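Heads up: the sequence lines are chains A and B, in that order.
Whatever position you read off the first sequence (first residue = 1), add 8 for the working numbering.
Whatever position you read off the second sequence (first residue = 1), add 1 for the working numbering.
Wrong hints could be hidden among the right ones.
Unchecked claim - To give a feel for the contact side, a few chain A residues facing chain B, derived at Cβ under 7 Å: (1) PRO93; (2) PRO94; (3) PRO97; (4) TYR98; (5) ARG102; (6) GLY104; (7) ARG107; (8) PHE115; (9) GLY117; (10) THR126; (11) MET129; (12) HIS131; (13) MET132.
Stated by the list, open to error - In silico DSBU-like pairs for lysine-lysine, Cα to Cα no more than 30 Å straight-line: (14) A:LYS45 <-> A:LYS79; (15) B:LYS144 <-> B:LYS248; (16) A:LYS145 <-> A:LYS171; (17) B:LYS35 <-> A:LYS79; (18) A:LYS212 <-> A:LYS145; (19) A:LYS171 <-> B:LYS35; (20) A:LYS168 <-> A:LYS182; (21) B:LYS144 <-> A:LYS182.
No lab work stands behind these hints: they were computed from the structure.
No experiment lies behind these values; they were computed from the predicted model shown.
Even glycine gets a Cβ: it sits at the ideal position worked out from N, Cα and C.
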Amino acid sequence: MKDSVESYVTDDGRTIGGVMLDLRNITLRFGGVEAIKDISFNIREGEIRAIIGPNGAGKSSMLNIISGFYKPQEGEVLFDGVARPPMPPYQVARQGIARTFQNIALFEGMSVLDNVMTGRMNHMNASIFSQAMWFGKAQREEVENREAVERIIDFLEIQKIRKTPVSRLPYGLKKRVELARALAAEPRLLLLDEPMAGMNVEEKEDMSRFILDLNDEFGTTIALIEHDMGVVMDLSDRVVVMDYGRKIGDGTPDEVRGNQGVIDAYLGVSHD
Amino acid sequence: MSSEFLYGIEVIINGLMAGVLYALVALGFVLIYKASGIFNYSQGVMALFAALTLVGIMEGQVPFSHLINAIFGTELHHFGWEVPAFLAIALTVVVMVIFAWLVQRFVFRHLVGQEPIILFMATIGLAYFLEGVGDLMWGSEIKTIALGLPQGNARWLEDVTSALGDDTFYGFFVRQLDIVAALVAMVLVTALIVFAQYTKQGRAMRAVADDHQAALSVGISLNFIWVLVWSLAGVVALVAGVMWGAKSGVQFSLSLIALKALPVLMLGGFTSIPGAIIGGLIIGVGEQLFEYTIGGPFLGGATENWFAYMLALLFLVFRPQGLFGEKIIERV
Ligand SMILES: Nc1ncnc2c1ncn2[C@@H]1O[C@H](COP(=O)(O)OP(=O)(O)OP(=O)(O)O)[C@@H](O)[C@H]1O
Ligand SMILES: [Mg+2]
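Only chain B is shown next, with the shape it has when bound in the complex:
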């Protein structure tokens, strides 16, 4: 096989790896949107907050230490212990569930039946609020995640695949972290689908997504389901935050991964789980391939920033309902 062709495949593989993560972030949006009609602008900040919390707990940071020290004149910073990763992850999940409950109890419970635009604005407020809380709780320095995730490229993959081409081909170059991220994302997505299809709570979730009134009439608590979907979105945010944070550090820009999910949603539709997955993969592969074939050679590179949006826009023009959404028919 020519090395040209093989490098093309490498680009596709890397695109798929990134795409799985995009899909995961998009899923966070879809979960909440389907169940409550809320477009959650704060999803990206949730990822940042979750990652900050995980790092903070692992390193034994005292939450709100700046605030406490300022008020009481103390010099608290660390508890002096370190928390093992699995326990820290479990605790972070608990924090995200509490966050979900608070959001439901103090914000959206009071906004039931409001216009979608009001709900959307509330999530904008929530995003900035959560960003502030994250700063106050854990400080605003850039942090690194010490989960022991493998760094560097996957040498074994290079070694195994270098035989595919001639002497100018050195094997597929894929970062180990990307492989891990893709695997974790796949496990999580599968778990979410199994949950939605085969458990009582999952059925209830789909029921609420379909018709609130009917769901109530069979004994489903809307409030419970809303806390549930926000919790699930919190877990999704945690995983996305950790994987992205492991790449580029846990810092404010992490919250911008939400922007990566938007074109995925435009492509896949806001209410479709398969749409989010396929959409994520298409965007991941599409932006890498475009950069490799056209963007890099002819447009001066760095096309990943806008290509996804252009693709999504084109798509929107021809299929506004997304990949799998039902055709929108205006009834007159």
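For reference, chain A alone in the conformation it holds in the complex:
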């Protein structure tokens, strides 16, 4: 059932729709190195899709392709069934795809609030003059955007640090602020590159809860890279497994767990 593009309802009552993002025969090279080799998989509306694999497997590169930071040499990216021409990251963002980075990319010189506010960039349309003069549309928009940002800040439980400069925050909170900024864009597709790396158990539990809640409440489609298998199995609807730039598994957590190739990759069986 899950292989067809018919929508279905999960055990916990969420609706998974048709294919939103379809990656076809993607190959990415850096000089002579093939970081991604002929990989195809898709992401469906409303699902939580995990990408796993050992270090250097090409997971981040895959997210970078989806978000426009890398341009694959071969293959196609279809968004809502339409082939997407090569486009810079800012245009991808404007299509409703938001992301976080493995190595956190926040505006270190700004407060938490300002950081999250930049996530609203695509929801500001008032002309520059009405903004500077602070009337009409600009004022209405600013109020709306502030409300949206405050809701997200409440949702992620970072009210206490709203005014704190980001550079003063510990790692775990930075990750949370980065998520808040991505959420502020109200994306259709959210890409998370190791959102729980370097976190303690409690922080991981919080983050898992946020991810589940936002998928459940706002219907946001999520693709995430994660090394913690427990987390992956708990959160995701489907998992892609990568190793040395190839796709070696794709399916539900249970299917993937039983896959011999995946087990070998994780146990470090030698490649020949």
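Let chain A serve as the given structure and place chain B with the ligands on it in line with the hints.
For chain B with the ligands alone, coordinates are given in the frame of chain A:
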């Protein structure tokens, strides 16, 4: 109050007036440097070019007339009309925006990710190129700006303030042009700050200044922001060029006002807007006061030329990050 003391105050007032203009020129540098890491050597030539363009448009000069005449054997020089000041200013701003776009499109777009020193060298090339273009477009004669800016000293200020001291004090002597320049510069600086703080484009500008990757991920086009900051730097250059040009004529030496901004940047830091403003004021007041108290009486005068650099150097030794820059901590 003793007239000694009052003349000291006059010196400070004049220093502040000059300082506002230094701050403005320095701001042009800071805008571009913050957003792109480019130290724009051509900022001074941009001021010259903008002022030349303004005068040329106002007087109805045919651009590139020498070139056109040489090629086609024509005798074109003037369109035979004069353009009102406000329209000429608007047109000059348009020219500076086009310049910004061209620079981005044909130079820096191809140098993304290069070493800062390469980017710097590109701006040196740009400076000489723009100087040549300015000559070719508008000719190299000294021109005067007929914006109707007031000349002479502010008599009203003298009259009002002469009562402060005894008979030997005649009131503060401040040039009207300096007052106008300071006011215009203050308005422009305020406008820039409001723009950066409260508009979408301003926010985007600060975001790009902070982290390119993060800015891209929230949907900001780096190219757009770079054209924007070069355009803003062009407007800043225009204002600086006009105010300076009104004092000493629009001619090559105008491009040397950039040299006045360097010590301001050393003092205020290359990335701080408040730093540029306070730095400009400190340099303006400092060089006047030094000349008045020490330079003139003991060193034979004309110390303004080097005092700013000496002050900036001293500062650099003790606070390399500038007035407001964050402390630079070497991570090992
Ligand atoms: N910008 C780049 N330039 C050159 N090589 C790169 C670049 N980005 C990634 N690579 C290479 O591509 C391969 C895949 O890297 P990638 O970061 O996608 O792996 P990953 O699965 O995310 O690993 P990790 O779990 O360590 O984050 C690696 O060999 C890496 O060195
Ligand atoms: Mg990675």
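Structure-based check of all given hints:
For the restraint placing A:PRO93 at the interface with chain B, the shortest Cβ-Cβ distance is roughly 16 Å, beyond the 7 Å limit, so the hint is violated. Given the 7 Å rule on beta carbons, the hint for A:PRO94 is violated: about 15 Å separates it from the nearest Cβ of chain B. Satisfaction of the interface hint for A:PRO97 is found here, the shortest Cβ-Cβ separation to chain B being roughly 4 Å, below the 7 Å cut-off. The beta carbon of A:TYR98 comes within 5 Å of a beta carbon in chain B, closer than 7 Å, and the hint placing it at the interface holds.
With its C-beta approaching chain B no nearer than about 5 Å, A:ARG102 sits inside the 7 Å limit, and its interface hint holds. With its C-beta approaching chain B no nearer than about 10 Å, A:GLY104 sits outside the 7 Å limit, and its interface hint is violated. A distance limit of 7 Å between C-beta atoms decides the matter here; for A:ARG107 the minimum to chain B is near 5 Å, and the interface restraint holds. A hinted interface residue such as A:PHE115 counts as satisfied when its beta carbon comes closer than 7 Å to some beta carbon of chain B; here the least separation is about 4 Å, so the hint holds.
Hint status for A:GLY117: holds, given a least beta-carbon distance of 5 Å to chain B, under 7 Å. Below 7 Å, beta-carbon pairs count as interface contacts, and A:THR126 has one with chain B at about 5 Å; its hint therefore holds. With a cut of 7 Å, the hint placing A:MET129 at the interface with chain B holds, because the nearest CB-to-CB distance is about 5 Å. Because the closest C-beta pair between A:HIS131 and chain B is about 10 Å apart, greater than 7 Å, the hint is violated.
Checking A:MET132 against chain B: minimum C-beta separation of about 4 Å stays under 7 Å; hint holds. With a C-alpha separation of about 14 Å, the suggested pair A:LYS45 and A:LYS79 falls inside the 30 Å cut-off, and the hint holds. Annotation: proposed proximity of B:LYS144 to B:LYS248 holds, straight-line Cα distance about 11 Å (limit 30 Å). Our distance criterion of 30 Å between C-alpha atoms is met by A:LYS145 and A:LYS171, whose separation comes to about 26 Å.
Distance hint between B:LYS35 and A:LYS79 is fulfilled; the C-alpha atoms sit about 28 Å from each other, no more than 30 Å. Simply put, A:LYS212 and A:LYS145 have alpha-carbon atoms about 40 Å apart, too far for the 30 Å limit, and the pair is violated. With a C-alpha separation of about 23 Å, the suggested pair A:LYS171 and B:LYS35 falls inside the 30 Å cut-off, and the hint holds. Distance hint between A:LYS168 and A:LYS182 is fulfilled; the C-alpha atoms sit about 13 Å from each other, no more than 30 Å.
For the given pair, B:LYS144 sits about 56 Å from A:LYS182 by alpha-carbon distance, which is inconsistent with the 30 Å threshold.
Hints 1, 2, 6, 12, 18, 21, counting from the list given before, are not met by this structure.
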